[in-house]
Amino acid sequence: MILLKNVLKKYKTASGSLTAVQDANLTIRKGEIFGIIGYSGAGKSTMIRLLNGLEKPTSGTVQVSGYDISTIKGKELRQARQKISMIFQHFNLLWSRTVEENIAFPLEIAGVGKEASQKRVSELVEMVGLKGREKAYPSQLSGGQKQRVGIARALANNPEVLLCDEATSALDPETTDAILDLLLDINEKLGITVVLITHEMHVIRKICHRVAVMEAGQIVEQGNVLEVFQSPKAEITKKFVSQVTESAEHKESISQMLDDPNSQLIQLTFVGKKAEQPVISHLIRTFDVDVNIVHGNISATKSGPYGTLIVRIAGNEENINRAIQYLDGEDVKSEVIQHAN
Amino acid sequence: MLTKLFPNVDWLAMWEATQETIYMTVVSTVFTFVIGLLLGIILFLSSPNQLWANKLVNWLTGSVVNIFRSIPFIILVILLIPFTNMLLGTIRGANAALPALIIGAAPFYARLVLISFREIDKGVIEAVRSMGAKTSTLIWKVLIPESWPALISGITVTAVALVGYTAMAGIIGAGGLGDLAFLDGFQRSRTDVVFVATVFILVIVFVIQIVGDFITARLDKR
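In order, the protein sequence lines correspond to chains A and B.
Numbering (this note's numbering) for the first sequence: 1 to 341.
Numbering (this note's numbering) for the second sequence: 1 to 222.
Treat the hints loosely; a few may be bogus.
As the list claims (entries may be wrong) - Derived lysine-lysine pairs resembling DSSO-like cross-links, with alpha carbons at most 30 Å apart:
(1) A/Lys30 to A/Lys302
(2) A/Lys73 to B/Lys221
(3) A/Lys5 to B/Lys141
(4) A/Lys189 to B/Lys4
(5) A/Lys12 to B/Lys122
(6) B/Lys221 to A/Lys189
(7) A/Lys10 to A/Lys119
(8) A/Lys56 to A/Lys119
(9) B/Lys141 to A/Lys131
(10) A/Lys83 to B/Lys55
(11) B/Lys55 to A/Lys135
(12) A/Lys73 to B/Lys141
(13) B/Lys55 to A/Lys12
(14) A/Lys119 to B/Lys221
(15) A/Lys56 to B/Lys55
(16) A/Lys12 to A/Lys30
(17) B/Lys55 to A/Lys189
(18) A/Lys5 to A/Lys73
(19) B/Lys55 to A/Lys10
(20) A/Lys73 to A/Lys56
(21) B/Lys221 to A/Lys10
(22) A/Lys131 to A/Lys238
(23) A/Lys12 to B/Lys4
(24) B/Lys4 to A/Lys75
(25) A/Lys56 to A/Lys114
(26) A/Lys131 to B/Lys55
(27) A/Lys119 to B/Lys55
(28) A/Lys114 to B/Lys55
(29) B/Lys4 to B/Lys55
To be verified - Covered stretches of chain A (chain B as the covering partner; in silico rule of three or more C-beta atoms under 8 Å from a C-beta of chain B):
(30) 76-83
(31) 86-100
(32) 314-326
The set of hints was computed from the structure by calculation and includes no laboratory data.
Just so it is clear, CB atoms sit at the ideal spot from N, CA and C, and this is done for glycine as well.
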């Protein structure tokens with residue numbers, strides 16, 4: 001569906017050349033929601049613009065739904081873009097057009113007749129939940145409503161791919177969730193492949209099937225969202241995962257508890273079904289240790305729940321070590337929390 | 001009453017001069033709008049990072065605009081005498097003033113058009129490109145509609161300047177209120193004629209400004 005092979009993108013600047021993306025290899029399957037996460041300047045904006053030819057790679061190939069985006073030009077590229085639509089952080093609506101005129105714009109570009117266009121627009125207005133606001137101008141809408149117009153506009157020509165450029169970053173948390181639900185709905189009902197870039201792990205967690213983590217122009221990690229959550233490898237991925245699992249306050253209190261020499265703090269990570277196994281009660285019964293639950297957290301991801309539990313295990317050293325061995329044997333991922341962590 | 005206050009004013013001549021001024025202003029404003037808009041589009045699209053990014057075209061257009069914008073109008077009128085003569089076969093009358101008026105004002109307006117286009121959110125242009133729009137669609141359906149209020153307030157300012165230019169053109173015999181005020185008023189020391197002509201010019205300017213502001217406000221949906 002979407003294939004990036006050895007993609008390199010360099011910009012010429014006044015002070016030399018700047019590498020925005022390098023060694024990018026990526027396969028995105030048809031119908032999935034794929035997230036690209038990274039801090040600003042990581043190259044994710046360039047990455048998503050490579051997918052609809054707003055940026056051309058310096059070298060490498062970019063293929064999207066059968067189009068060789070890296071080489072096509074002119075009419076062919078314009079036609080490809082009608083099948084690869086995009087929504088934006090700042091919505092980018094035309095202020096001079098009403099809601100329905102904005103949504104009709106891509107249809108005008110595609111040369112759809114007036115009647116067919118009107119019919120399609122009213123379908124779209126209905127789908128994104130803007131009924132009754134058709135005649136409003138963008139300036140009369142809230143941020144969430146503007147993004148709904150953006151989404152309706154992007155869907156007008158029945159695209160195969162929807163690119164989301166930080167689509168929820170300018171919205172408040174509640175509106176963010178509503179827009180994410182809408183994107184999920186569109187993905188499930190229409191089977192559109194969604195590629196989104198974001199700096200919020202919350203967005204990845206809530207709707208993505210798979211994720212790629214970007215740092216300094218490179219993809220440092222990619223995989224199923226659940227796997228990445230369970231065992232983040234790169235340092236930056238761990239940081240992103242802790243965005244949704246830990247608060248700053250919690251970190252501080254944990255570090256205070258580390259000073260007790262007769263116990264160990266252990267972080268357990270449960271994924272999906274494993275969350276239901278009675279690991280803790282079995283642990284207490286089998287080994288002569290005391291277990292105290294310090295902190296628990298569960299977050300839902302697209303492919304199942306993901307939970308973390310921090311427990312303090314107290315007892316003599318040998319028993320503690322045996323208990324930790326037992327946990328390692330189970331499918332629960334366990335990690336001893338140490339200082340300077 | 002009026003004859004007592006303004007003993008030297010020939011009202012019929014004053015009315016004819018007013019019509020000439022309005023004629024020159026309207027015709028030159030229309031041409032200035034069209035030519036300035038075209039120049040502005042070329043300037044905008046040929047500037048760096050735009051769709052037709054082209055240093056040579058941008059530099060050439062920019063230079064032409066800057067040169068004609070910098071020549072004082074009264075000198076431009078004189079410089080253009082041979083050109084006007086060739087074009088119209090005469091250098092007298094309202095029509096003879098038009099080439100100078102248009103060539104003087106269009107570059108000025110082109111700059112205002114460029115500024116208006118630059119005010120458009122870059123994201124909007126990117127969004128339109130991402131939909132697969134042609135450049136002509138971008139020009140007619142995005143650049144111009146999205147900057148209508150600025151384009152209209154720009155042409156209002158230019159039209160007001162053009163009223164002033166017509167008065168100057170009057171000095172070399174183009175007719176209109178400027179011509180009347182200068183020849184019939186100033187040179188014959190008839191202050192009342194100068195006064196009435198000035199009031200008429202002011203009225204024309206006010207009407208242009210009010211209409212311009214009204215249209216701008218109506219178009220602005222931001």
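Comparing the hints with the structure gives:
no.: 1; hint: A/Lys30 to A/Lys302; in the structure: 17 Å, holds
no.: 2; hint: A/Lys73 to B/Lys221; in the structure: 35 Å, violated
no.: 3; hint: A/Lys5 to B/Lys141; in the structure: 36 Å, violated
no.: 4; hint: A/Lys189 to B/Lys4; in the structure: 85 Å, violated
no.: 5; hint: A/Lys12 to B/Lys122; in the structure: 20 Å, holds
no.: 6; hint: B/Lys221 to A/Lys189; in the structure: 35 Å, violated
no.: 7; hint: A/Lys10 to A/Lys119; in the structure: 44 Å, violated
no.: 8; hint: A/Lys56 to A/Lys119; in the structure: 36 Å, violated
no.: 9; hint: B/Lys141 to A/Lys131; in the structure: 25 Å, holds
no.: 10; hint: A/Lys83 to B/Lys55; in the structure: 33 Å, violated
no.: 11; hint: B/Lys55 to A/Lys135; in the structure: 42 Å, violated
no.: 12; hint: A/Lys73 to B/Lys141; in the structure: 22 Å, holds
no.: 13; hint: B/Lys55 to A/Lys12; in the structure: 16 Å, holds
no.: 14; hint: A/Lys119 to B/Lys221; in the structure: 25 Å, holds
no.: 15; hint: A/Lys56 to B/Lys55; in the structure: 21 Å, holds
no.: 16; hint: A/Lys12 to A/Lys30; in the structure: 34 Å, violated
no.: 17; hint: B/Lys55 to A/Lys189; in the structure: 48 Å, violated
no.: 18; hint: A/Lys5 to A/Lys73; in the structure: 19 Å, holds
no.: 19; hint: B/Lys55 to A/Lys10; in the structure: 21 Å, holds
no.: 20; hint: A/Lys73 to A/Lys56; in the structure: 10 Å, holds
no.: 21; hint: B/Lys221 to A/Lys10; in the structure: 39 Å, violated
no.: 22; hint: A/Lys131 to A/Lys238; in the structure: 42 Å, violated
no.: 23; hint: A/Lys12 to B/Lys4; in the structure: 76 Å, violated
no.: 24; hint: B/Lys4 to A/Lys75; in the structure: 74 Å, violated
no.: 25; hint: A/Lys56 to A/Lys114; in the structure: 34 Å, violated
no.: 26; hint: A/Lys131 to B/Lys55; in the structure: 48 Å, violated
no.: 27; hint: A/Lys119 to B/Lys55; in the structure: 45 Å, violated
no.: 28; hint: A/Lys114 to B/Lys55; in the structure: 40 Å, violated
no.: 29; hint: B/Lys4 to B/Lys55; in the structure: 64 Å, violated
no.: 30; hint: 76-83; in the structure: holds (count 6)
no.: 31; hint: 86-100; in the structure: holds (count 9)
no.: 32; hint: 314-326; in the structure: violated (count 0)
Violated hints, listed in ascending order, are 2, 3, 4, 6, 7, 8, 10, 11, 16, 17, 21, 22, 23, 24, 25, 26, 27, 28, 29, 32; each of the other numbered hints is respected by the structure.
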